[in-house]
Amino acid sequence: MKKFAFLALLFFIFYIAGMYESPALMVLFLTQIFLMAVMGVLAVYLKNHLLVSFGEELVWAEKDCPFTWSLRAENSGRLPISRFCMSFRVYEKKKAGKKRKVYGDCPDPESTLFFEDTAVHCGIYIFRSENLRVYDYLALFSGKKKTENEMRVIVFPKKYQAQAEPAPAFSGREEAYQKTSTLSGNDYSEIRQVREYRDGDSVRCIHWNQTARTGQMWVKEYEEETKGQVSLYLEPKDQSSGDASGDSFYTLLYGIVSGLLEQVSAVQVYWAGKGDTKILKKEVRDDRQCRELFFFLYQTEDGLPEEKKSKRNTDYGGLEGAMRLTRDLSWYAGDRLIYRFSEEKLEEELTHKSFRIWTGDRLWGD
Amino acid sequence: MGRLRREKSEKTIQGKEMTVLKTVLVLAGIWGILLAVGAVPGISFSEEAVLGEAGLLCAFLCSLFLFQREWVLKAAAGTCLACVLAGFIGIETVRVQAGALLMSLADASAETETDVTYVMLLITAVLSVCFFLLEIVWKHHLLPGAVVMGVLAGAPVFGISLGAAPILLGLVFQILLWTVQGTERQRKQMNHGKKIKRRMTGRGSAFMGTVLSILVCVSLVLTSVWGQEISRLVYAGEGFFLRNAQQIAGRANDPAADGRISSGNNYRTGEPQLEVTLQEKPTETLYLKGFTGGNYIGGEWEPADDRSIFHEMALALNWEKWESWIRSVYYSLYFSVNEMTAEEPVQPGTIFLKHVSNEYHTMYVPYYSRWITQRESFGLGYGFNYYREEELDIRWDNVPKDYEMARDWYRAVQNAYMEEIPDAYVQVSEEELPKLTELCRNNPLDSLDQVTAFILTVLQSHASYTLTPGRAPFNEDIVEYFLFDSHKGYCVHFASAAALMYRLYGIPARYASGYALQPSDFVQQEDGTWTLEVTDESAHAWTEIFLEDYGWTPVEVTPASDGSYSTSYPGLDTEGLEELISTMNLNRDISEESGETEETVQDTGKDRQEGFSADSWEFRVDWERYHDFILVAGTVLAESLVLLPLFLDYRRLRRRKKLEQMSCRKVFGRFMDMVHFAGYLTGCSGTEADFSEKMAEELPCITLKEAERLVMIVSCAAYGKKGADEEENAFVRKIYFCTGEWLTGEIRGFRKLYFRYFKAFY
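These protein sequence lines are chains H and S, in that order.
Sequential numbering from 1 applies to the first sequence in this note's numbering.
Sequential numbering from 1 applies to the second sequence in this note's numbering.
Keep in mind the hints are simulated off the structure, nothing from the lab.
Wrong hints could be hidden among the right ones.
Claimed, not checked - The calculated BS3-like cross-link candidates involving lysine-lysine, where the alpha carbons are at most 30 Å apart (straight line), are:
id: 1; chain 1: H; residue 1: K99; chain 2: S; residue 2: K139
id: 2; chain 1: S; residue 1: K488; chain 2: H; residue 2: K144
id: 3; chain 1: H; residue 1: K2; chain 2: S; residue 2: K16
Since the structure is predicted, the reported quantities are computational estimates derived from the model, not experimental observations.
Let the hints inform the model, and build the full structure from the sequences given.
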């Protein structure tokens, strides 16, 4: 638009210069028309000498909070670059990428440009650059080239710590507890149980002898590890649920795990992996591991086919009676409902409510 | 993803240098406008005062912007308020001066010059404030840029001839400020928690400045060499557009049927307009008149209206009852009387005209003719019998007895008409044509032939024929512009100028337009008739004067393509005319009182300032005009050259004083620059393990021990837990000065001066 407006102005000057035989205006016109040509060449020159990429491949962010990401611009030419525009698409989960543009400059051989953004949903955002436009100093022309860079933004839910308080034991948990150590084999004085291998289990815990005997991977679970721990099973994701309910679920999960970590040393989180029936596990002992959990969760949990969901709902993988967190924001201890959160008041409920959790139960692992 | 925004500083922080640079560029734009306004004919103002005011105001606002930014808007508002108050206080002065300024823009022929300094001071103050706010505070270049370019580009439309200075200033303002605004992108950079202010360096602006300088030089050369040719591209483009537009809109018809004197180029479409059929091939140019100009008002000929003349004639002849009859008598008078009284009867020619468009709003009438037929209600056109000019031989006494009464009537009508036309067709508004009036007044002539010779002399010496004379400013009279400024034009301009000059000498004359058909263009048909398809390329304008026994007679004053004139009318002695022209000594003083020559008068309108000649596309500088400026500039330059050594020495001492306050690391950095400049320790950065040894080896003024201590002090200051103490700093400075003194003795010639004064190392 600017180019055409400038061109229109030039033609007006040219017309006046010619019609009124004004040499001064003719000089003005010629200078500016040549300048346009120079700007066109300059745009190509600047384009050829500029490389722009994302400053980081991975960026951590918190939902609804501003985060900063950067672009790294490298200018190999002698002239500074006053303006460039990088177009990229932001892919969120399975949605089609949303097109975005950012403008920057590169006066020095290397420049880093910082941008502020806000993520409104939890999950992984992929920023994939598409093309780069480099403008001349008058921003009349631009040289365009394709770029292929990628940056991932991991958006965590906002942290609200649930108030979990110890309460008298709940008797109905015994059967799960009984299911331990039914496997034969080694010295069980220190080993609490031997169970099937799950993703996330440490290699050092593999029960090699048992594995060799049975031809299936087994791991040893020691008393020390389970003591002061609690297990939390996450209900498989419902494909039909929207982003908002997903965000609420993650916020709740973060709040519950954070709250539980105030009472226990670790929380074992289990969930269904993407595309198969395998149960995944992640042990969380602190906030850093909690964030790792979400990163792992975003990558592996992407909903399940409907036919598998029913099966998965009842497949506790030997964890019947463990805490459960359902997608409708219900928090269960086995089959007993601890609390059903509402999506609208979730933050308030997490912040102000106290949840009485039984003690002496296996859920506490003691 | 939510909203995305580029981080910006809450409070934009500009580099001081950039602000000053932008202020200077703003001032350049204002100066350009002032120069353009200063070239408006009929006004004058003190450029020094107005420009000084703009400079002071911009400097004041710039200082505020740099040091008390929150006061800028208040100061701007205060300035505008002060201007309003000043306007109210001097309301009468403002009214007079603003009126004069507007009048000068509306009418470039104003003879008196009005001083408009007061109103220009007010306008400039407001303009400076607006430009400063827009460009520097709000960083909005579009509007000021459009204003400057608009003023410069629009100046020729108001008859303002621009010189080089306003154009160059406007260019600098437009492009450099655009570049600076575009490249100056400041932002808050977040880097490890620190906010780092960054801005575009001046390299972009420097590059653009260099490019601009080169391009201006190239454009100057191109304009000087091929300016005319480039202008013709505009004509070709406009012609192409207008021809097509006329053809599409169907307005290509009847191009010669009005009294509008085009102030632009003449683009012909080649579209057929008339089909003319003659019984015999013509022997001279056949003029078909479609329009007759009466009064000349505002650069336009009003249609001649003879009705009032016929009414007066009727009263004078006591023919009130037959007033309507006078008209038809008069229009066929010369044909009828010639037919009646010619010594040897001549067979009149016959002409039939058919309009291609079949629209007959305008009739094209040959001279000395009589309407003969209306062929099938114009379906096939209309016709006239006519005599050629050479066939006209009216002898009032040579009439049969039966026609004597008719002859007397015709003669009475002619005499009555001749009585009336001086009142109608010698009127000229002298206010509208001051230069032409002055020219004729200063060259008193008696006879018609002398006047004709004068007119031809003026036209030959002042005008050349072209269909593309360019466009005339809207506020100038087209005839005066043609004769005294552009000196280029085509038939309408020649005919108008001649008609007006005839009138100024008291000779009844009219402007006529229509078609001029050349005999060679006619083609004989099988039936023996001669036909011609007349296109708008035959459209023409000419002057007609009233001659007794001939009536209105065409006078060709437009030169042929080779520049020759074929002016003739009955009774004109062609050879005598040549002689008269050759002996004609034009009194070229137009303004005797002011003593200005005609050329000077032209120049006041066109070339009021240096730069470009309006007549040629050559670049020239009017040194006379800037005599004072050059004198002042030369004096300043000379003084600067005298004071330069003092300034440089002062600067050197200041640098030295600054150095004494620097930390040892900075002093060491400067030390390295100094020795590198002198050609020592090249390739060393000061971090090498054997740097001390090398330094002691290459610089005999420093011992190895001193060198080692110097390196140790600087290293500790750079990487140690605590910086250098005062004693250590003093040691580093001592080494610096010691080395500087030694190097001063070592370096020779110009490099020594450069080392000592420009680099100010020691």
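Going down the list of hints, with the structure as the test:
no., hint, in the structure
1, H:K99 - S:K139, "29 Å, holds"
2, S:K488 - H:K144, "50 Å, violated"
3, H:K2 - S:K16, "29 Å, holds"
Hint 2 alone, counting from the list given before, is not met by this structure.
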